[in-house]
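K.L.:
Given next are the chains, with one letter for each unit.
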Amino acid sequence: MGFLDQLVAGFGNALSGSGLLIMIGGVAWGIIGGAIPGISGAVAMALALPYTFSMDAATALVMLAGVWAGANYGGSIPAILMRMPGTPGSAAALMDGYELTRQGLAAKALGVSLVCGTIGGLISIIVLIALVVPLGNLVLAFGSPETFALAVFGLTLIAGLSGPSILKGLAAGAFGLLLTTVGLDTLTGSLRLTFGRRELLAGVDIISAMIGLFAVSEMFYQLSHPTRRDVTPPVDARTSFPTLRELRDVSRATVVGTIVGLIVGIMPGAGATAASFVAYNEGRRWSKRPELFGKGSLEGVAAPETANNAVQGGDLVPTLALGIPGSNSAAIMLAALILHGIVPGPFLMSQQSKLVYTLFAGLILVNLLMIPVGIVILRGCLLALRMPPPNLVASILAVIFIGTYAADLFILNPVLALIFGVIGYGMRVTGFPPAATVLGLVLGFLAESELRRSLIISHGTWAIFFTRPISAVLLVFTIGFLLYPLALNLRRMRRQPPSPATAPASGGSSR
Amino acid sequence: MKLLALALFVLIATATPAMTAPEAYPTRPITFVVGFAPGGGADVFARALAEGVRGILPQPLVVENRPGAGGTAANAYASSRAADGYTLLFAHAGSSIITPIIANQPLLKWDAFDTIARIHGEEEWLMVHPDAPWKTMEELVAFAKANPRRVRVAGSAIGGIDSFVVLSWEKAAGIDVEYVPHEGGGPAALTFLGKNAEMLVGNMSEFFQHVLAKRMVPFVVASERRSPIFPQVTTFKEKGYDVVFAQWRSVLAPSGVPASRIATLAIAFQRALGSDAWKRFNSNAKAVDLYLGPADFRRFLTNEEARLAKIIDELGLARR
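Going down the list, the sequences are from chains P and S.
The opening residue of the first sequence carries number 40 in the working numbering; numbering runs sequentially from there.
The opening residue of the second sequence carries number 3 in the working numbering; numbering runs sequentially from there.
Please keep in mind that the hints were generated in silico from the structure rather than gathered at the bench.
Here a beta-carbon is modelled for each residue, glycine too, at the ideal position from N, C-alpha and C.
It is possible that part of the hints are untrue.
Stated by the list, open to error - DEER-style ranges, computed between Cβ atoms:
(1) P89/P / R273/S: 20 to 28 Å
(2) A320/S / W325/P: 49 to 57 Å
(3) G380/P / A84/S: 31 to 39 Å
(4) S389/P / A265/S: 41 to 49 Å
(5) A261/S / S55/P: 31 to 39 Å
(6) F145/S / F92/P: 44 to 52 Å
(7) L283/P / P31/S: 35 to 43 Å
(8) L214/S / T282/P: 53 to 61 Å
(9) G499/P / Q61/S: 29 to 37 Å
(10) K327/P / V219/S: 52 to 60 Å
(11) V64/S / G465/P: 39 to 47 Å
(12) R56/S / T282/P: 53 to 61 Å
Please take these sequences and the hints and turn them into a complete structure.
P.N.:
Right under this line is the structure:
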């Protein structure tokens, strides 16, 4: 059967029986699970996994794919409305998303997140379907040096998040990096910064810390400044979709987000969270209005939200082509396969082509289903916002504690959320950007472990980062982008007579 | 007074049957706590075992993931539960022996728990590239001796069984290779396939398909006897190196479970190994049944701990 015939057959297969209902159910659960802070896409999928045992393998995979796609969007709902990342991948969107909510434009932000996210997801799936085998070989070219280079590339966003004081931004970022070293170290088997406490063996849970730094601190802030009605419930509780004009305005950011999401998705080790931050950084860099980022730019929502959806296609590349999962979410898809008696690996595509094409069709369908299902769930969430602020804050805190505990059933996590809430509040009040700490948390583990692994692979030579083409290109760009504003500044200062120092354009408030 | 006597009589009469009748077990689902994230090797094993035991036990086994601390977060949780046979704990060498020793947490080690059964295990293999210049162990060892730290072996984290295989081999053969640790078998395989390492150590369940696709070649296996999967591949033992390790997986329970319930569980697991679902899973995973009942398993663990503790000492991993 030709490629298109197989794909069409896949659609038929996916929609047969109660397939459509199951897909809708999967997407709905994914959005809800993603919206609960602490429950990431992978956790939502794991919770749905037992329900797949009674289904056949193809339906199981399609349902899980729906949960995955739904969670990618669902996380942005609390992120935009309440500065609370529902999933780690939506943390980058909250910087501009919440600003938009404060300006009464929550519906636009959520609409952009939904539409652009769907576009990103669909494009990445199409790329996956068309190029899975050649991309499978490309995955192998992304080794530890390349992943380290990407992490460093992403860390330069600290400059953009620092606001007026770069020094404070660097300190906040360094704090985040330091936190990722806590726990049992994979590369040496030794314990670092655990202070003899068993609970810290696994390190600091990033999701809990992130929720604490962003959401819990925001709750404290609202409690301490009760006159500020930060969360203004939108008068019109419908998603007022972005107009075509607005969509065109964010098209550049959407393209950037898709490309970043695809590349980072294919890279094993780097996932939706890293992709969303790198996309935010790149979206700002290539935007026509970079000064708006951090103050309520729709592009600042479009870029990261597109990226974290576009990661889905990339993650499935090594999963389907090599049988090696590209992320935790993909690992659950593989587990579903194994538990249905199917062996993943390089032969999956050829031996189980009916299954694979049904999955492809299912991926397209669930990404499309996100829009109608997303709108329905969104209305429910917007209604909830009409609560009086004290009730709202209390409810949000309750949801945060339940969510952070529910993910790993580890009592330390809610406590961490609380502690980081206090830290985050202290940081905001003293001018240190919590977003920089979050960035350090997100990219720190990746940067450190891949750096050390690269040096083991290279037998100790640092040159490896520059002798390998992809890594060299990324690092050169990083250095270039860091020096470019400095060079511009020098030129500007040389042309004009010395005037009160103008800081290099960095944009973005640091709340 | 008569009323009091009557009341007492009724009370005793109704209480006695409950005390003397045999308690039914299990009457509600049993929680199987797994210290690793969903989708990983431990988790898939636990779910497959739960599937295998369905119909044999009148109540289902429900997997509960509590990842963290190298699997010991689950140990801590399980030990806090009642020893009534309704909480079980997944255990392998890393989570029940090695990590508790390294982290100096004796209360989380296997001997703080009741042993139910050892279920199955996977052999540890060393892989090379199809175009590797060494065809025999002797050639490889000679090369490694002449070029210390030149040969890179990708594997999972230091402190896991993969790393122990390589480190024991180094000691036994008197060579120095570069071990490249990763967070799991998957990332290690990627490093190897990307030609960033000359060798790969791990389980066949993750690598078999790649061997079939001719991207990996099994070089040596760390078991007592040659494996039926690839009988032409030699063992470390044949070459004179006492390197025998297996990634075994098992079930523990909080200490103090009534003996009758332990027996019920152990027998149920043994029967589950004969189920179709389990056999299919095992064969796909290229694992072998390694069933040991409660007492035998305890003996096995005592010896295993002694063996592994020595290596931990030599590596200097233990916290004081």
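K.L.:
All hints are to be evaluated individually against the structure, with a verdict given for each.
P.N.:
Hint check results:
1. P89/P / R273/S: 20 to 28 Å: The hinted range 20 to 28 Å holds for P89/P and R273/S, with Cβ atoms some 22 Å apart.
2. A320/S / W325/P: 49 to 57 Å: Holds: the Cβ-Cβ distance is about 52 Å, inside 49 to 57 Å.
3. G380/P / A84/S: 31 to 39 Å: holds (35 Å)
4. S389/P / A265/S: 41 to 49 Å: Because 47 Å falls inside the window, the suggested range holds.
5. A261/S / S55/P: 31 to 39 Å: violated (51 Å)
6. F145/S / F92/P: 44 to 52 Å: holds (49 Å)
7. L283/P / P31/S: 35 to 43 Å: With a Cβ separation near 53 Å, L283/P and P31/S fall outside 35 to 43 Å, so the hint is violated.
8. L214/S / T282/P: 53 to 61 Å: holds (54 Å)
9. G499/P / Q61/S: 29 to 37 Å: The hinted range 29 to 37 Å is violated for G499/P and Q61/S, with Cβ atoms some 56 Å apart.
10. K327/P / V219/S: 52 to 60 Å: At 54 Å between Cβs, range holds.
11. V64/S / G465/P: 39 to 47 Å: holds (42 Å)
12. R56/S / T282/P: 53 to 61 Å: Holds - the Cβ-Cβ distance for R56/S and T282/P, about 54 Å, lies within 53 to 61 Å.
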